[in-house]
Amino acid sequence: MEWKLDDDRPIWLQLSQQLARRIVTGTYPPGSRLPSVRELAAEAGVNPNTMQRALSHLEQEGLARADRTAGRLVTQDTAALEAVRLREAEAVIQRYLEAMSALGYSREQAAGLLKEGTS
Amino acid sequence: MNDYLIQCRGVRKSYGRKPALTGVDLEVGPGRIVGLLGPNGSGKTTLIKLLCGLLRPTAGTLAVDGERIGPATKAVVSYLPDRMYFADWMRAVDLFQLFRDFYADFSYEKAIAMCRSLGVEPKDRLKTMSKGTKEKVQLVLVMARSAKLYLLDEPIAGVDPAARDFILRTILTNYDGEGTVLLSTHLISDVEKVLDEVIFLKEGRIMLHETVDAIREQEGRSVDALFREVFQAGPVFGMEGGMS
Numbered sequence: 028m029e030w031k032l033d034d035d036r037p038i039w040l041q042l043s044q045q046l047a048r049r050i051v052t053g054t055y056p057p058g059s060r061l062p063s064v065r066e067l068a069a070e071a072g073v074n075p076n077t078m079q080r081a082l083s084h085l086e087q088e089g090l091a092r093a094d095r096t097a098g099r100l101v102t103q104d105t106a107a108l109e110a111v112r113l114r115e116a117e118a119v120i121q122r123y124l125e126a127m128s129a130l131g132y133s134r135e136q137a138a139g140l141l142k143e144g145t146s
Numbered sequence: 112m113n114d115y116l117i118q119c120r121g122v123r124k125s126y127g128r129k130p131a132l133t134g135v136d137l138e139v140g141p142g143r144i145v146g147l148l149g150p151n152g153s154g155k156t157t158l159i160k161l162l163c164g165l166l167r168p169t170a171g172t173l174a175v176d177g178e179r180i181g182p183a184t185k186a187v188v189s190y191l192p193d194r195m196y197f198a199d200w201m202r203a204v205d206l207f208q209l210f211r212d213f214y215a216d217f218s219y220e221k222a223i224a225m226c227r228s229l230g231v232e233p234k235d236r237l238k239t240m241s242k243g244t245k246e247k248v249q250l251v252l253v254m255a256r257s258a259k260l261y262l263l264d265e266p267i268a269g270v271d272p273a274a275r276d277f278i279l280r281t282i283l284t285n286y287d288g289e290g291t292v293l294l295s296t297h298l299i300s301d302v303e304k305v306l307d308e309v310i311f312l313k314e315g316r317i318m319l320h321e322t323v324d325a326i327r328e329q330e331g332r333s334v335d336a337l338f339r340e341v342f343q344a345g346p347v348f349g350m351e352g353g354m355s
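If you read the sequences in order, they're chains A and B. So in the numbering used here, spot 92 of the first sequence is number 119, and the numbers just go up one at a time. So in the numbering used here, spot 205 of the second sequence is number 316, and the numbers just go up one at a time.
Read the hints as simulated data drawn from the structure, not as lab findings. Being a predicted model, the structure only gives us computed values, none of them experimental. There could be a bad hint or two in this list.
Said to hold, decoys possible - Beyond 12 Å from chain B on every Cβ pair, some chain A residues (computed):
| id | residue |
| --- | --- |
| 1 | Pro37 |
| 2 | Arg60 |
| 3 | Gly72 |
| 4 | Ala110 |
| 5 | Arg112 |
Claimed, not checked - Which chain B residues face chain A? A few, computed with CB under 7 Å, are given here:
| id | residue |
| --- | --- |
| 6 | Ile144 |
| 7 | Thr284 |
| 8 | Lys304 |
| 9 | Val305 |
| 10 | Asp307 |
| 11 | Glu308 |
| 12 | Arg327 |
| 13 | Glu328 |
| 14 | Gly331 |
| 15 | Arg332 |
| 16 | Ser333 |
Unchecked claim - Quick list of the computed label-pair ranges, beta carbon to beta carbon:
| id | chain 1 | residue 1 | chain 2 | residue 2 | range |
| --- | --- | --- | --- | --- | --- |
| 17 | A | Glu109 | B | Glu321 | 33 to 41 Å |
| 18 | B | Arg280 | A | Glu86 | 53 to 61 Å |
| 19 | A | Glu86 | B | Glu328 | 17 to 25 Å |
All residues carry an ideal CB built from backbone N, CA and C; glycine is no exception.
Given only the sequences and the hints, what does the whole structure look like? Please build it.
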């Protein structure tokens, strides 16, 4: 999976979101060990201090925790994982509604078209 | 242990009557990767040469790791000049032996290992190497030391974009995390994501010294975009509107 960094937001925030995404989609399964700061920083081509900040943010969000011997582990708290997944889904829905609104559809019409499209 | 690895107070430097630095106050902590950014002639190389002791300031003081610039600081500063200064009959291994004799913190083994990963044959003579390969050898010499301060003057200017990425990765993976790296460049978009903080230098003064993330948070745009605005807006100061 590629790291994508855009220009208008802090880099640590984007890294943190992409790490969270990898966790909820199972690239880093629950309970597994995350790669080290240096490995992740080298992979993404970013400053290790920036990657450190992204990982600290994951810990604050409860998606990962530091382990004395094993480095950093992905949480096994399925409720926390589900909450992040739901938040991601809401963001996708929001983007969909905004794009549909730009095309002149109301929320109801957008929802209706989505239902038709998927049935 | 000093809080600041680099400290400059009121530093001025003139070449004859031509001013290059006109009052620089700067503090940089340990373990940072810092970009020294500015257009041509803004004083980047002058500041770097002052920090490594190749030039003396006209006024003001500089310190590295709490010491005034001198033999003690030269032992902990690893400097990549903006041009090659080695005889071309030498082989990379000759240079490694020279550096091993000169600097206590130079690791010959690390230099050889870095050559291998960069695809450089250490027994080749410099004159048989391409420009990009020579730059790689110079970078190996500089990064194979475990210095407190790495001063890199335009480390990526002369190489193609693929080699640029490779060099930045080499810097990221070979600095030990405790040393500070100060690198000058005008290719900002290429280096932005590896930097902790940036210093904007303009006409011999520091205009801005801020972390990359703070700039993005406050400005909502990249350092590269900010740089372009700052250094284009200069000539139109005082005009109505200017850059909007």
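Structure-based check of each hint:
no., hint, result
1, Pro37, "violated, 4 Å"
2, Arg60, "holds, 20 Å"
3, Gly72, "violated, 6 Å"
4, Ala110, "holds, 25 Å"
5, Arg112, "holds, 26 Å"
6, Ile144, "holds, 5 Å"
7, Thr284, "holds, 5 Å"
8, Lys304, "holds, 5 Å"
9, Val305, "holds, 5 Å"
10, Asp307, "holds, 5 Å"
11, Glu308, "violated, 10 Å"
12, Arg327, "holds, 5 Å"
13, Glu328, "holds, 5 Å"
14, Gly331, "holds, 5 Å"
15, Arg332, "holds, 5 Å"
16, Ser333, "holds, 4 Å"
17, A:Glu109 to B:Glu321: 33 to 41 Å, "holds, 38 Å"
18, B:Arg280 to A:Glu86: 53 to 61 Å, "violated, 26 Å"
19, A:Glu86 to B:Glu328: 17 to 25 Å, "holds, 20 Å"
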